[in-house]
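S.K.: Chain by chain, the residues:
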Amino acid sequence: MRYLPHTDEDIAAMLNVVGLKDLNDLFAVVPGDCRFGGALQLPKAMSEWSLEEHVGRLAGRMAVSPEYSLFLGAGSYDHYIPATVSSLLGRSEFVTSYTPYQPEMLQGTLQGIYEYQTLAARLLGMEVATASHYDGATALAEALLMAVRITGRKKVALSRAIHPHYRQVVRTYFAPTGYELREIPYLETGLTDLARLEEIRDLAAVALQSPNFFGCIENLQAAAERAHSGGALLVSGFTEALAFGLLKSPGNQGADIVAGEGQSLGIPRSFGGPALGMLASRKRYMRSLPGRLVGQTKDRDGKRGFVLTLATREQHIRRENATSNICSNNSLCALAAAMYMASLGGTGIRELASLNHDKAEYLKNALRDAGCPIRFSSPTFNEFVVGLPGGFDARYRRLLDRKIVAGLPLGAYYPELADHGLLCVTETFSKEEMDRLIKEVSA
Amino acid sequence: MKRIEEIELPGELRYSPDHEWVRQEDGLARVGLTDYAQDQLGDIVYVELPAVGIHIAQGVVFATVESVKSVSECFMPLAGEIAAVNGPLADNPVLLNQSPYGDGWMVLVKPDDPAAVSQLLTAEAYLTRLKGGV
Numbered sequence: 001m002r003y004l005p006h007t008d009e010d011i012a013a014m015l016n017v018v019g020l021k022d023l024n025d026l027f028a029v030v031p032g033d034c035r036f037g038g039a040l041q042l043p044k045a046m047s048e049w050s051l052e053e054h055v056g057r058l059a060g061r062m063a064v065s066p067e068y069s070l071f072l073g074a075g076s077y078d079h080y081i082p083a084t085v086s087s088l089l090g091r092s093e094f095v096t097s098y099t100p101y102q103p104e105m106l107q108g109t110l111q112g113i114y115e116y117q118t119l120a121a122r123l124l125g126m127e128v129a130t131a132s133h134y135d136g137a138t139a140l141a142e143a144l145l146m147a148v149r150i151t152g153r154k155k156v157a158l159s160r161a162i163h164p165h166y167r168q169v170v171r172t173y174f175a176p177t178g179y180e181l182r183e184i185p186y187l188e189t190g191l192t193d194l195a196r197l198e199e200i201r202d203l204a205a206v207a208l209q210s211p212n213f214f215g216c217i218e219n220l221q222a223a224a225e226r227a228h229s230g231g232a233l234l235v236s237g238f239t240e241a242l243a244f245g246l247l248k249s250p251g252n253q254g255a256d257i258v259a260g261e262g263q264s265l266g267i268p269r270s271f272g273g274p275a276l277g278m279l280a281s282r283k284r285y286m287r288s289l290p291g292r293l294v295g296q297t298k299d300r301d302g303k304r305g306f307v308l309t310l311a312t313r314e315q316h317i318r319r320e321n322a323t324s325n326i327c328s329n330n331s332l333c334a335l336a337a338a339m340y341m342a343s344l345g346g347t348g349i350r351e352l353a354s355l356n357h358d359k360a361e362y363l364k365n366a367l368r369d370a371g372c373p374i375r376f377s378s379p380t381f382n383e384f385v386v387g388l389p390g391g392f393d394a395r396y397r398r399l400l401d402r403k404i405v406a407g408l409p410l411g412a413y414y415p416e417l418a419d420h421g422l423l424c425v426t427e428t429f430s431k432e433e434m435d436r437l438i439k440e441v442s443a
Numbered sequence: 001m002k003r004i005e006e007i008e009l010p011g012e013l014r015y016s017p018d019h020e021w022v023r024q025e026d027g028l029a030r031v032g033l034t035d036y037a038q039d040q041l042g043d044i045v046y047v048e049l050p051a052v053g054i055h056i057a058q059g060v061v062f063a064t065v066e067s068v069k070s071v072s073e074c075f076m077p078l079a080g081e082i083a084a085v086n087g088p089l090a091d092n093p094v095l096l097n098q099s100p101y102g103d104g105w106m107v108l109v110k111p112d113d114p115a116a117v118s119q120l121l122t123a124e125a126y127l128t129r130l131k132g133g134v
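Residue numbers (the numbering used here), protein chains in the order written: chain V, 1 to 443; chain F, 1 to 134.
These are computed hints drawn from the structure, not numbers from a lab. Keep in mind that this is a model prediction, so the values were computed, not measured. Don't be surprised by glycine CBs; every beta carbon is placed ideally from N, CA and C. Any given hint could be a false lead.
Which residues of chain F face chain V? A few of them, derived with a C-beta cut under 8 Å, are [to be verified]:
(1) 66
(2) 70
(3) 71
Full structure from sequences and hints, please.
M.R.: Here it is, written out as structure tokens:
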């Protein structure tokens with residue numbers, strides 16, 4: 001994106017138009033004690049040459065592929081992005097228009113978002129998908145608040161096998177509401193202990209993630225039955241959207257609301273963001289959805305057109321009673337996901353998901369044969385929890401010296417899983433890379 | 001929009017300052033939106049009604065009415081239990097515009113205190129308020 005700063009002449013001309021002398025006069029309405037008086041503590045400006053060197057040094061401290069083999073997923077996944085996506089997404093019509101404030105003028109953007117919603121709904125097995133949210137964690141928090149609105153109940157249950165960062169974001173969202181959060185432990189199999197739901201009455205929602213944080217594939221069907229028998233909704237989360245190319249969609253297993261992260265669908269990892277919050281539900285809950293929805297309609301000549309629809313849920317009309325006053329939308333990432341899904345097609349997504357699964361199974365089995373304990377017995381998608389001979393953490397550091405990042409050490413998030421790590425394999429890993437890890441581990 | 005003189009206000013009904021009407025029916029109270037309210041809102045596209053069986057206090061939101069450009073909450077004119085809701089409004093919300101005192105009714109309430117109805121405004125008193133009086 002182009003960045004065009006104002007010159008001193010531009011600024012002087014604009015000040016002249018509004019009849020002010022100095023730029024600071026513009027801020028005179030802001031109370032003095034709310035303004036920062038001193039000089040900003042910033043380093044001196046660098047020449048272009050030294051700036052490049054400086055940034056190069058910073059970048060050199062990171063472990064990046066292809067120099068390193070990164071068996072790291074845990075919510076952010078390395079997938080190949082076809083050139084069609086980068087090429088289309090770079091068009092200025094998409095890149096420079098942030099949000100459709102005058103929607104009818106932006107038919108192309110609206111059509112793109114509408115197509116994203118359609119593809120997202122199909123992938124997740126749902127009837128309605130929103131125009132996108134900030135990221136998977138906030139989408140999950142919004143889904144839970146939505147369940148509270150729909151059921152009129154004030155308590156939700158979250159599986160401990162949901163991504164720890166997502167649970168943290170949900171806690172942040174719930175802190176000022178007074179709604180109760182209960183965590184459900186996981187079993188030795190790596191799956192959520194659904195029997196524990198028996199003990200909790202009057203739940204608005206039961207939230208699971210599948211594949212869960214450990215890569216294990218949850219039994220959503222059983223979870224839906226448990227949730228529904230107690231009058232609760234099943235909120236199904238995910239961090240790896242590609243899994244639904246292979247697995248039964250959450251909608252087909254009885255989920256009422258599906259929320260998660262779409263980064264896998266054509267969005268680079270970029271050091272953690274930007275991301276794509278995907279949120280979808282059954283049609284009957286459509287009016288409780290937060291955020292934007294694009295709909296298809298006809299103009300007065302009967303031609304197909306696109307509009308922002310059901311806007312009365314939103315804050316510019318409904319003010320404090322809006323379905324959300326904190327949600328944002330990530331149109332550009334949603335468009336990337338639409339382009340990615342359209343580039344691969346249904347068959348492509350299925351084949352790619354199989355490839356991810358098969359490669360991960362290859363590494364999992366080979367590590368098991370090499371004497372590394374696979375922590376959980378349940379089937380997994382492209383991630384799994386493993387121990388390493390001689391202790392995970394010590395071995396992890398040694399592998400790092402060999403330019404292998406052996407996943408995510410889990411002790412910081414799950415004390416009971418200290419000495420274990422979460423390893424991820426996607427289609428971008430070659431057999432040679434995996435064999436090198438196996439060899440180093442066996443050495 | 002209608003002029004004040006054109007607003008229909010049946011004399012046998014009681015009214016709340018929040019623009020709901022109430023009709024007494026064999027110990028129950030039928031509640032809807034006044035002709036004035038539906039006219040102000042314009043074409044109604046969606047009505048959200050409460051669950052049957054729940055109790056709602058006076059002055060608390062019992063329904064949400066959405067027109068093309070706005071959303072309005074409807075406040076309970078008297079405390080009681082929701083005995084029935086007007087199901088057809090879900091598929092045909094425009095009944096609220098077409099027949100505010102007939103097919104466009106909203107909820108049937110079993111009032112905590114049947115005498116509470118008589119404390120609401122008469123048609124005359126409601127009309128005075130609409131004209132800007134007290």
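S.K.: Against each hint, give a clear statement of whether it holds in the structure.
M.R.: Consistency of the hints with the structure:
1. 66: Because about 5 Å separates residue 66(F) from the closest Cβ in chain V, which is inside the 8 Å limit, the hint holds.
2. 70: Status holds, d = 7 Å.
3. 71: Check passed: Cβ of residue 71(F) comes within 5 Å of chain V, closer than 8 Å.
The structure shown violates none of the earlier numbered hints.
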